[in-house]
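Asks: Protein chains in written order, with the numbering used here: chain E, 1 to 285; chain A, 1 to 285.
Not one of these hints is a red herring.
Copies of the same chain are indistinguishable here, so a pair counts whether it falls within one copy or spans any two.
The calculated lysine-lysine pairs, modelled on PhoX-like cross-linking and capped at a C-alpha distance of 20 Å, are:
no.	residue 1	residue 2
1	Lys175	Lys100
2	Lys49	Lys21
3	Lys175	Lys198
4	Lys232	Lys253
5	Lys130	Lys24
6	Lys21	Lys50
Since the hints were derived computationally from the structure, they do not count as laboratory data.
There are 2 protein chains.
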Amino acid sequence: MKVYIIGLGLIGGSLAIDIQKEFKDATIFGIDTNENHLNEALELGIIQKKTSLESLNNADVIIISVPVDTSLNLIKDVLDLISEDAVVIDVGSTKVDICKSVENHPKRRNFLASHPIAGTEFSGPKAAIKDLYRGKTNIICEVEKTAFKLQEKALSIFTKIGMRIRYMDPRSHDKHIAYVSHLSHISSFMLGKTVIEKEKNERDIFDMAGSGFASTVRLAKSSPEMWTPIFKQNKVNVIEILEEYILNLQNFKELMEKNNFDQIHAEMQNTNHIKQILNGILSNA
Amino acid sequence: MKVYIIGLGLIGGSLAIDIQKEFKDATIFGIDTNENHLNEALELGIIQKKTSLESLNNADVIIISVPVDTSLNLIKDVLDLISEDAVVIDVGSTKVDICKSVENHPKRRNFLASHPIAGTEFSGPKAAIKDLYRGKTNIICEVEKTAFKLQEKALSIFTKIGMRIRYMDPRSHDKHIAYVSHLSHISSFMLGKTVIEKEKNERDIFDMAGSGFASTVRLAKSSPEMWTPIFKQNKVNVIEILEEYILNLQNFKELMEKNNFDQIHAEMQNTNHIKQILNGILSNA
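Looking at chain E on its own, in the form it has when it is part of the complex:
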């Protein structure tokens, strides 16, 4: 099985590692516009060969793990280049615009839209780790638009590397992922910004920060190159949930100003059952 991975960052690189581990007959070919990343991936053993788009006609499986704005044209170009039996899998964090970009492509049935919900705050080939996907969820969109045999091929990869599959339409995906992923990134980036601005002249104050602060600002280490196009493509959903978040924060502030600490207690208590929800996530983590 010849697997071509376009984009050798955290997501693509980790897929390469797990596919090599689970499929002994797999050869991993790497493509990246960043020549340094390509060389790093080869040195780290993440890929077996460096290659370019011109050789895509030899591929069985093509995984596209690049910033989501790049995907909009790249997926179409890749579909133009592949053989009839190859499957092109995108793994981006948005789905509406990506599915739309290929809806009228003559090789639409060679394409599978997916979003493996896994990652860390790091990026680049050095961030790639094995078993990143084990026990995690992969959202597949518009599965019915992919040729049956190619669905099977793609799903055998995802299930072998340990993922559980959920099916969803692109609109629902983009809406809900704004709530449970994209908003967290904004809250974290702005928390980091707020505190850095306040403490810019007193850097040793960060001595006082504990593991709680580290946890809430962890995502502020994420790559702006990945996240800017995600926010752009999912703008409507992200703005909607961001507004609700701001309203809840304003409400909390007003309760404090009015000394209504009974209500503040109630708000926190009502939110405490996030424990059960998080236990669900962590048991899959």
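With chain E's structure known, arrange chain A on it following the hints.
Replies: Only chain A this time, still in chain E's reference frame:
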């Protein structure tokens, strides 16, 4: 050494465990208004004996780890009851009101105000863990107001359990801790609230949440009983930083509305150097 711990939750219980480990001559006495917690602490071996305030005159060291509103009167009452050579250490998350509550007490020199910056999102005696304090920072306030020999006694405990000591005045402590701890708790509670409200009819959506969401809402599991009085006592500082956080979120939203994604990229990139800051925290964690 007879160590009396008043309040056997995560903080008091974890101190009990580490003090027992490091001081072979220590006997740990427990006091708690919650009889269940007291019995649990005894069964778990966190304390050796249950006792009550009446026997405090036998204590060498008294640690007060209760909600910060309770401390305001409790510390004074405890000071009234202890012997001349005992040291009373409070470990609460606010310092201005607590220091003020004892400023005119005749036994002020028997009191040491501290804030060990350590914890988890869990609470109660079952949450107590060993080595919680190792490598963490302890902020000591108004050290000059504590008798020299009693400073020494308290510091020997904190350094033996692995803490590094920083000295700070109560006002600076409360201001900076609002930035690097209290704000994180509000951002996390309101993030949890926002997403739970949105998804209340679609609980299986949390299948989609990954480790990033778990990390940013982790603190929303914290105890409302501990945190309501903290926000109350540190109201002015918390409101000030919360306002700045809200302004930064509004600004981010407006940049999205205006499609100014170049600036959004710049904001994230500028905040990325939180990496170095967090590396500092984590290397102490």
